[in-house]
Every structure is written in C-alpha cells, then in structure tokens.
Amino acid sequence: MVFVLNQHQDKWGSDTHTRVDMYKLRDLESRSMTYDFHGGYYVRGSSLPGMGDYTRRLDVYQLPSVNKNSEWREWTHPDIGVDVRDFVLQTDYDLLVLLEAGEPISDHETTEDSPDALQHIKIHLRSLETGQPHPAAACPVLECQLPSYMQSMCSFYAQVVGRYISVFFQVLAWRGTRSYELKIWDWTTGKLISVSWTSIDGAESFTFLSDQLILIPCPVTFTDGGLRHQAHLDIYKFDEPSTDDAIAQPAQLIASLYLPEVPEVTGTRFIISRFSCRCDPPPSPSAQIAVPYVGRPKIYDLASNNRVLCVAMEALNIRVNTGGRTRTKSMLYISCADLVDMVMDILDKSTQESTVVTIPWKDWGNKASWVDIGQIYTGNQCYVHGQRTVGLVYARNENIAEDAEEETTRIHSLVIFDFDPVRVKQASRQVRRGVRISDPKAESAWDIPAEETKLMRNLFLAGETKADRLFSVRSTLINEEFHSPYCYVMIDEEHAGLGGTQIIVSSLYIQLGLCVVGWGFER
Numbered sequence: 383m384v385f386v387l388n389q390h391q392d393k394w395g396s397d398t399h400t401r402v403d404m405y406k407l408r409d410l411e412s413r414s415m416t417y418d419f420h421g422g423y424y425v426r427g428s429s430l431p432g433m434g435d436y437t438r439r440l441d442v443y444q445l446p447s448v449n450k451n452s453e454w455r456e457w458t459h460p461d462i463g464v465d466v467r468d469f470v471l472q473t474d475y476d477l478l479v480l481l482e483a484g485e486p487i488s489d490h491e492t493t494e495d496s497p498d499a500l501q502h503i504k505i506h507l508r509s510l511e512t513g514q515p516h517p518a519a520a521c522p523v524l525e526c527q528l529p530s531y532m533q534s535m536c537s538f539y540a541q542v543v544g545r546y547i548s549v550f551f552q553v554l555a556w557r558g559t560r561s562y563e564l565k566i567w568d569w570t571t572g573k574l575i576s577v578s579w580t581s582i583d584g585a586e587s588f589t590f591l592s593d594q595l596i597l598i599p600c601p602v603t604f605t606d607g608g609l610r611h612q613a614h615l616d617i618y619k620f621d622e623p624s625t626d627d628a629i630a631q632p633a634q635l636i637a638s639l640y641l642p643e644v645p646e647v648t649g650t651r652f653i654i655s656r657f658s659c660r661c662d663p664p665p666s667p668s669a670q671i672a673v674p675y676v677g678r679p680k681i682y683d684l685a686s687n688n689r690v691l692c693v694a695m696e697a698l699n700i701r702v703n704t705g706g707r708t709r710t711k712s713m714l715y716i717s718c719a720d721l722v723d724m725v726m727d728i729l730d731k732s733t734q735e736s737t738v739v740t741i742p743w744k745d746w747g748n749k750a751s752w753v754d755i756g757q758i759y760t761g762n763q764c765y766v767h768g769q770r771t772v773g774l775v776y777a778r779n780e781n782i783a784e785d786a787e788e789e790t791t792r793i794h795s796l797v798i799f800d801f802d803p804v805r806v807k808q809a810s811r812q813v814r815r816g817v818r819i820s821d822p823k824a825e826s827a828w829d830i831p832a833e834e835t836k837l838m839r840n841l842f843l844a845g846e847t848k849a850d851r852l853f854s855v856r857s858t859l860i861n862e863e864f865h866s867p868y869c870y871v872m873i874d875e876e877h878a879g880l881g882g883t884q885i886i887v888s889s890l891y892i893q894l895g896l897c898v899v900g901w902g903f904e905r
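The opening residue of the sequence shown carries number 383 in my numbering; numbering runs sequentially from there.
It cannot be assumed that every hint is accurate.
Unchecked claim - Calculated pairs, BS3-like style, for lysine-lysine (alpha carbon to alpha carbon, straight line, at most 30 Å):
1. Lys848 / Lys823
2. Lys711 / Lys573
3. Lys406 / Lys504
4. Lys744 / Lys573
5. Lys836 / Lys731
6. Lys406 / Lys450
7. Lys836 / Lys749
8. Lys807 / Lys749
9. Lys680 / Lys807
10. Lys749 / Lys731
11. Lys680 / Lys744
12. Lys711 / Lys504
13. Lys744 / Lys450
14. Lys731 / Lys711
15. Lys807 / Lys744
16. Lys680 / Lys504
17. Lys619 / Lys450
18. Lys823 / Lys836
19. Lys573 / Lys619
20. Lys744 / Lys731
21. Lys823 / Lys749
22. Lys848 / Lys749
Note that these hints are calculated values from the structure, not bench results.
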C-alpha cells in the first residue's frame, strides 16, 4: 500500500508519467445535457426525444482506478421516470440525488416585494447503481415549496456530507435581483434539519466547511439600509434539532470575512458582479452523522482538512462617460483548514451566541492566493479536488485561416494548480519537468492584457495585505486539435478529464468522447 501511495504522489509530481486515454461515449439525440463527476464516476444526463428539455436518461461511466482496484465500466438508466432539472452524486454511498422542479403556480396578484407564485420541488434519492430508491433513505422523495418572483424557475446546487444533504435554491427576484433559500435534510430519515433564507444579496452558491459549518459568498453588503458593493464570505453554523418534533431552525451567521473594498476611480464604476465558490469533495462527516460506507474500499483517501476553497469572481468595469464596459475573471484560493481554524478560534473566544464577528481583509488576505484566470477555462463545476484544481488553456490554431468556418479549433493544454503547502515546498526544492512555482504577484504565463485586469490585480496584490501565497503549477500539453471546444474539465484523486461533444485523436474521429489524462493509474 505504501508503494502504491508513493507511486501515486510521484506521478502527480511530474508530467513524465502522463498518459491520455480516449473513451467513446454513447451518441445522444437530445436537446439538453447535464453532468456530474464524483469519485471516478462521470454521469451524463440527457433529455429524451419528444419529452422536452428535462433530463430523463442517465449514462454512467466508471473510470479505471488503482486506488479502488476497478476497471472501466459503463451502464445506462434509459428513463429515470421524472423530469430532472439537475442532479448530484455521492458515490461513497451509491447516492444519486435528482432535483425535480414543477412549473411555478400563481395563486395571488403580483406585488413588487412579494412572490407571485410558488414552485413545488421534489428531491429524489436514488441508487446510482440501480436507479431505484436508495435503500438507506426512509423517505426517498423529499419535498418543499419555494417562492417564485415573476414565475421564474429557480436554480439549484447541492452537497452531501454524511447523513446531511444541503440544497441551495437560487430565486430570480424582482427586477433581476437574486435571493436564496438553503435547506438541510437528514437524507436517511427525511427530517428537515435547518432552513435559511435571505433578502436580496446576489448569493449564488455555498459549500460545507465542516459537517456543521457552511460558507456562502455574497457580492454585496447592506449597511444602514443601503447597498454597498463589497464582497464577503459569510460563515454559518447549524445544529440538528434536539428532538424529533422540534422545528428546524435557521443556521446562525457567526462570521463574515470581507474582501478588500473597491476604491473609487474617477470616470469608472467597478463592481464584483458574480461571486461563487467551489470546494470538492465535501468534508468527511463526523462519527455522529456518518453513513455506512458502501463503495469500493480505497488504498488511500483525502484528509478532511486537505481542501482548498475556490472563490470565482467576475468583475465589471463600467466607463461612466462612454458607457463602455469590460469583464474580467479571477479566482481567490484559500485553504479550508485556515478558514476552519479561524472560525474555531472565534467560537472559542465568543461570549455571546448572537455575535457576528467581522474579519477584515488585513486579518486573512495573506493566507490566500489571487490568480487571473481570464485565459484558463474550467467550466462551472468539478474543477477542484482537495487542494488541486484543473483548468484548460487554449490558443487559436495559427494554421487555420481567419475566415475559416472552424473558428473554435484550438490546441489544448491542461494546467494543474496545487495549493498543498507540503507539496509546494517539495516542488520548490527539486526541478521536475512541467512543474514550476507560481508567485501571484509575478504570474504572467497566460498572456493576459495588463490593462484589463489592472484594477483587480491592484485590489488583491498591491495593498498592504496581499493574496500572494505561493502554489505550484503543472502544465501538460494535449498535443491534439479539437474541432469542437470542450465544455468542461474535471479532476479527482487519479484523473483529469475533458468532456465535450467531439474529439479528434490522431486520425481517428470519435463522436461524443471523453478524454482522460491519467497520472495516478496504470492499466
């Protein structure tokens, strides 16, 4: 076992062992597609002909794994029997969570500050292996209702930690603003554990920091009845009801970590318009909420605190006089262990339960790394595992004429960011092909125009407190041309995968293929 673990770490440390495998996926005749990737399982959902745009069919692909001693396997659930808006996986428990949303139903007149409809939600708890109701779920369908403004459909995001499943419902409110509800259930009993909601603040995602702590990024701040564009990370604590008949209580806000305040710039209005987070896999559950393990035994596993929080930011720069605008994308990375340590310290020192501690940027910013990712494509999920993240760098193929039809042809390479302090220190001491240390203050590897990102760069790297913690970068050239751009990249402890609609490998044309770059396994 020690040999396998050492071999695994060695293969992640250099591109010497990189091997690319191409897997053919099933052809689709659908109008829509959803997907998730967890624990070496890639699941792709699609609609059925003549049955609308909702997901009804699931194709499941299990990647080969040394850690789990498993081979490539695939199977299909041809019709799951419900109209699914989205789904998530927790393969440790063979759990497939299907989110079904009915059309908003109006039952009263519209007013500016109240919802004009209600939307009925069903959360189906299934076995990924069989597609049938999960045997550990006493109530295999969880139900709730959400307010709907202007009869808009809500969007979802969910995470599972042990017995807890938390679902974040984002609601499009009046005049395009966003509000949310966050509900936590014990999925094995069907009991509602906690429910939280908010006024309009633009939040669009969440993550578990531990099995009792939840983090929600918010792009705006309300003070003295007014709105201010200062982003912050809110951390909530929730407790399970003490008795079976007790009513679920809202999670308690215990701390807010503030990002640096955007300075006033003459002739320019600068705001962080999108602000979301990812942190995968979720933390390991404590013994009190653990679920009996049903997956394949592993040789090694990720430590619960060995995870990095990825905070994605999209900044909007509006020129007041001309009306012109530019958008820039960047990412802030910080260790979950550092965040949890700060919160535990707050809880230990707090004398009043209702106190919300404000943590300014100067007290935590130097624990983070800020990176301009304008030229690095990730998709919106599955791009992080533990303290590694994956991205796709692409460039225009100069051999293609500018007026050619295939304007999206690219030559792709993968980049892996690693924020684990031990591995970063090791990488700084030895030279390995394809691996280097990145200093956020000096990073310029992706040819990003300086003027477009100057404001964001100065915000996070030019002040007294700099988000400049070092990390390692591993670049691997995927020396092929792809005539359709990949929709997303994915990563777990052994694989990095590229998923999309078409790939070309040498002279072989494969439709609907999955490209897997393997560092941690050999077959």
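Tested hints:
Using a Cα cut-off of 30 Å, the hinted pair Lys848 and Lys823 holds, with the two alpha carbons roughly 9 Å apart. As the CA atoms of Lys711 and Lys573 are separated by approximately 40 Å, the hinted pair breaks the 30 Å bound. Proposed proximity of Lys406 and Lys504 is contradicted: the alpha carbons are some 33 Å apart, above 30 Å. This hinted pair does not check out: Lys744 and Lys573 have alpha carbons roughly 41 Å apart, beyond 30 Å.
A hinted pair counts as satisfied when its Cα atoms are at most 30 Å apart, and Lys836 with Lys731 does not qualify at roughly 39 Å. At roughly 22 Å between alpha-carbon atoms, Lys406 and Lys450 fall within 30 Å of each other, so this suggested pair holds. For the hint linking Lys836 to Lys749, the alpha-carbon distance of about 21 Å falls within 30 Å, and the restraint holds. This hinted pair checks out: Lys807 and Lys749 have alpha carbons roughly 16 Å apart, not beyond 30 Å.
At roughly 27 Å between alpha-carbon atoms, Lys680 and Lys807 fall within 30 Å of each other, so this suggested pair holds. Only pairs whose Cα atoms come within 30 Å are accepted, and Lys749 paired with Lys731 is accepted, the gap being roughly 21 Å. Proximity of Lys680 to Lys744 is assessed by CA-CA distance (about 41 Å); at most 30 Å being required, the pair is judged violated. Distance restraint check for Lys711 and Lys504: the Cα-Cα separation of roughly 34 Å exceeds the 30 Å cut-off, and the hinted pair is therefore not satisfied.
Distance check on the hinted pair: Lys744 and Lys450 sit about 43 Å apart at the alpha-carbon level, beyond 30 Å; violated. Restraint check for Lys731 and Lys711: the C-alpha separation of about 37 Å exceeds 30 Å, so the hint is violated. Restraint check: the Cα-Cα separation between Lys807 and Lys744 comes to about 25 Å, which is no more than 30 Å; the hinted pair holds. At roughly 33 Å between alpha-carbon atoms, Lys680 and Lys504 are farther apart than 30 Å, so this suggested pair is violated.
Distance check on the hinted pair: Lys619 and Lys450 sit about 34 Å apart at the alpha-carbon level, beyond 30 Å; violated. Only pairs whose Cα atoms come within 30 Å are accepted, and Lys823 paired with Lys836 is accepted, the gap being roughly 12 Å. Between the alpha carbons of Lys573 and Lys619 the distance comes to roughly 18 Å, so the proposed pair stays at or under 30 Å and holds. Restraint check for Lys744 and Lys731: the C-alpha separation of about 20 Å stays at or below 30 Å, so the hint holds.
At most 30 Å may separate the alpha-carbon atoms for a hinted pair to count; Lys823 and Lys749 meet this at roughly 14 Å. With a CA separation close to 9 Å, the supplied pair Lys848 and Lys749 stays within the 30 Å bound.
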